[in-house]
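Participant: Listed below, chain by chain, are the residues.
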Amino acid sequence: MAETHWLRHTFQLTRAILQARVRGMRQNRYQYRMLTLSAVLFLLVILILGGIYAYGFHHATGSVSLSAGGTQPPLILSVVWLAFTFYMYRRATWYAWDLIDTSFLLTTVSPLTAVLSILLSESSLLYLILLLPTLGVLGAFLYGFAVPASIVMIPLTTALFTTTACVVSYAIGFAVLVQRGGDRATRNRWLYYVVRILIGVVIIGYFLSTVGIGPHVSIPRTNLVSLLPPGWFIDVAATGTPVIHSPARAVAAILGSLIVDGIGIAIIYQSAVAYWYDTPTSED
Amino acid sequence: MNPTIETTALTKQYNDTVAVDGLNLSIPRGTIYGFLGPNGAGKTTTMEMLVSLVTPTSGNATVNGVSITDRDALREQIGYLPATPPLYDHLSAREQLHLTAKLRNIPPEDAAERIEGLLGEFEWSDAADEPTGDYSTGMRQATAFIQAILHEPPVLFLDEPTNGLDPRAARTIRDHLTALAENGTTIFLSTHILPVVEEIADDVGILYEGRLVVEDTPDALIHRRGTTEESTLEDVFLELTTDDTTTGWGGE
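Residue numbers (this note's numbering), protein chains in the order written: chain A, 1 to 284; chain B, 285 to 536.
One chain only, chain B, in its complex shape (with noise of 0.2 Å):
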């Protein structure tokens, strides 16, 4: 079977520096893939390019099919949440899902059914009128998420999905990757909250100065160092994220 994202080479250069450098992905449908890495390691550029937000420097990449050049076929294989959530402060949250319910093309019947579904699972249908401006940051972050999942994308890239948000509305966030990716959705995930990742992705890779140093399923990167039973991601990551400690892990 085709991987659902698959990288080639992919990297981005600014001036001088090299945000990424010659990523090879290969992630097959259906997968959560947490893509793990400190600050400055380059995973939003990476995803910043597979949305297609960022034109790459070289390498190439496709989602679902479809070349990351091709912008206007993308975005409809797409749903995006970045770290800041892409809201209008004096818009209700009901106006902005409405809004991109218009711009997806989703029928107005199928639209409401959906925001009002969705708005209900989150427990805030009835703040749901108030300007996001308002809004606590996990409730910007909820309704930022909403807002990617609407159209129900085949493939969702998530920055920090569950930034800010109260444990009940994680939990939420986590059952609905979960569900979405039983039904085939693939999900790009980038996080700092390693327990997350831990409990819900299927594959992980982490980067680090641009390069993915590795790339395995959790259980198997906990165990895979002769690490002892009450070894996390956590404590694979704090290791493989320091100088001098990337070899040997099999990574590029």
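For reference, chain A alone in the conformation it holds in the complex (with noise of 0.2 Å):
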């Protein structure tokens, strides 16, 4: 007997845990001031790069193309996505740890709604958090274009932006978290912090090399991370306006961010199934 009206159940209790959370933030004056100074400083930092972008392209070529291979605005936009993950990641590794919500979740409703409800809430709060450089880019965009499709197409992509971060950050989390709790994980410790510090490194050097801090690496100017999908979403977001974009991108970033997010939900679903229900919550 599957659980009955887990769409309800599930948006109920997203509901709930969001207001819980916001409340948390708002009663941690340090954690809510720094929440909005960041969202302040992340709208400024768009709109005046973006604004010296789009008038220097503008000046040399005539037109305003945001989203060729290379350029500047799809490796920020995939570099603060990755960003965003990674603090999504951490996130989700610590979260999953907090059993006490768990133990009255999978006793009150199925995993399916708890994982729903955990990746709706943990979405929504992404969101918040991005709302003012959101409603900041769409003023600019009103204000620059006049194209009413931005109403839309603006917050799309904030959302697309969220859940996919969501989404991939907790499905790696939930995966480390079960394969940090297995037997063989158990054994083999060391080699799993190794490797964690090899990986941070790498990450590091990379990002440092690319900004040209270190010693000196031949890094192409169209390096690897201004290629990733997240930079797509910039297509998205210029749909229907003069700027030159690519409406091919722009419909492949959507479908692609709906297959992320739905094989990425199984996958959280069954590390959570494993995760939550086979590793020990007490020593009693």
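Just so you know, these hints were derived from the structure itself, not from any lab. Just to be clear, a hint being listed does not mean it is correct.
What the hints assert, rightly or not - One side of the interface only, derived from the structure: several residues of chain A facing chain B at Cβ under 8 Å: (1) Gln-12; (2) Ala-16; (3) Gly-24; (4) Gln-31; (5) Arg-33; (6) Ser-103; (7) Leu-106; (8) Ala-266; (9) Tyr-269; (10) Tyr-277.
In this text, a Cβ means the ideal position worked out from N, Cα and C, and glycines have one as well.
Fit the two chains together into the complex; they arrive one by one in their own frames, and the hints show the way.
Facilitator: Here is the structure:
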């Protein structure tokens, strides 16, 4: 017998978790101020860099292209997406250990409802953090291009950005938690930490080299990060505007996000069930 | 009559540690079953297996006729209060309880009536709009207790339900448990407060190093081995949960 009204329960639970988290953030003044400041700074960086870039490109070529391969906007968006995914991954690995929540969730609703509620509330929280930059970019687009389609496309871009960042980070997070809790991982914990450190060193080294810090490494101007699919979200945002963009990449970004979200949720569900039901919660 | 809680050779092993070792239980409907044991004996693991939070390594169990592997059906049969109250710190007790009522598909009018009635019995209807994170340990415990019984489940699993409660609230919970059992609810109660078990439990099982070492009524346990009139369940517990004293008590 499957859970009745699981979809309704998902939204009820999401609302409650989000309500509790927002209240928690507001009570923590330091965290609240930092998040507000980050959102304002993020907005300013996007508007100023975007404005300078658009002006410069327009001055040089007579048009505005945001998404040609290897140009800076997709690179910045991909780096920001990776940064948010890493932030959410850290939350995933911390949050999943918060078994006080799961003892209530898993004896009240199905694991699928629990997984969907966690993902929806986390995505919504990320959306809230990005709300100010989203509104700022929307305002800039409406002011600059006066295209009504932006009213839909800019918030949609943020939604695709947040859901994919959440789903990918939680899929990796739960997989790591399951692996960390497994027999083999327990026996070879040192190897696990070595691999983690190596991955960290490679990622940090790669980013340092792309911005020219440290020993000189020959990196092509069109680097891999700028070609990552999250950069295609720019094409979604620019849809309907005079900005040169690729409709094919915009469609690919939307469909790709749906596929990533679908496969990601399936992976998270399997990993979460394995993790929640097979990991010791008590020494008693 | 079929037992409401029945386990057969229920076992849980983590790596090289056997947390619960071949547990056999048969608990009839309407029983308050005191499940005792020292820290690390396997009580919480047993309870988590019975509420389907932990998958057994081997063996099987049914709760109110439902296999513990059938999680969707099992959730309908049980109320669970873990040792740490599962509350969202930034929701008030009233919000938390109304959320639970929605997730348990309790009609809103019935939910409001039950919630206000139960909050009234614990005499803190006025404080029920404060965030639960600001509550005392006892108030959190009682809120979680109300949450566990709100949907009137046929089987209740309670881990240290009177932990941190003031005497009046502890009495309210004990009275509730007795009344629920009289109406047919089966209660699986784990606690270190042995006088509570002595007072309200119909049967007692003592777990030691993952194995059930003895099971009987509290009175029978106390008088089973020629104890003195002043003996209590605590004396029996202390004697049974020491190495080399578990033979001759009829345990497994």
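Participant: Decide, hint by hint, whether the structure agrees.
Facilitator: Quick rundown of the hints versus the structure:
For Gln-12 (chain A), the suggested interface contact is upheld, since its CB lies about 5 Å from the closest CB of chain B, less than 8 Å. The beta carbon of Ala-16 (chain A) comes within 5 Å of a beta carbon in chain B, closer than 8 Å, and the hint placing it at the interface holds. Interface hint at Gly-24 (chain A): satisfied, since its Cβ lies 5 Å from the closest Cβ of chain B, which is below the 8 Å cut-off. Hint status for Gln-31 (chain A) relative to chain B: violated, with the closest Cβ pair at about 13 Å, above 8 Å.
With a least beta-carbon distance of about 18 Å to chain B, the hint placing Arg-33 (chain A) at the interface is violated under the 8 Å criterion. Evaluation of the Ser-103 (chain A) hint against chain B yields a held restraint, the C-beta minimum of about 5 Å falling below 8 Å. The restraint placing Leu-106 (chain A) at the interface with chain B holds, with a minimum CB-CB distance near 6 Å, inside the 8 Å limit. For Ala-266 (chain A), the shortest C-beta to C-beta distance to chain B is roughly 18 Å, which exceeds 8 Å, and the interface hint is violated.
A cut of 8 Å between beta carbons decides the hint on Tyr-269 (chain A): the least distance to chain B is about 13 Å, and the hint is violated. Given hint, Tyr-277 (chain A) at the interface with chain B, holds; its Cβ is 5 Å from that chain's nearest Cβ, closer than 8 Å.
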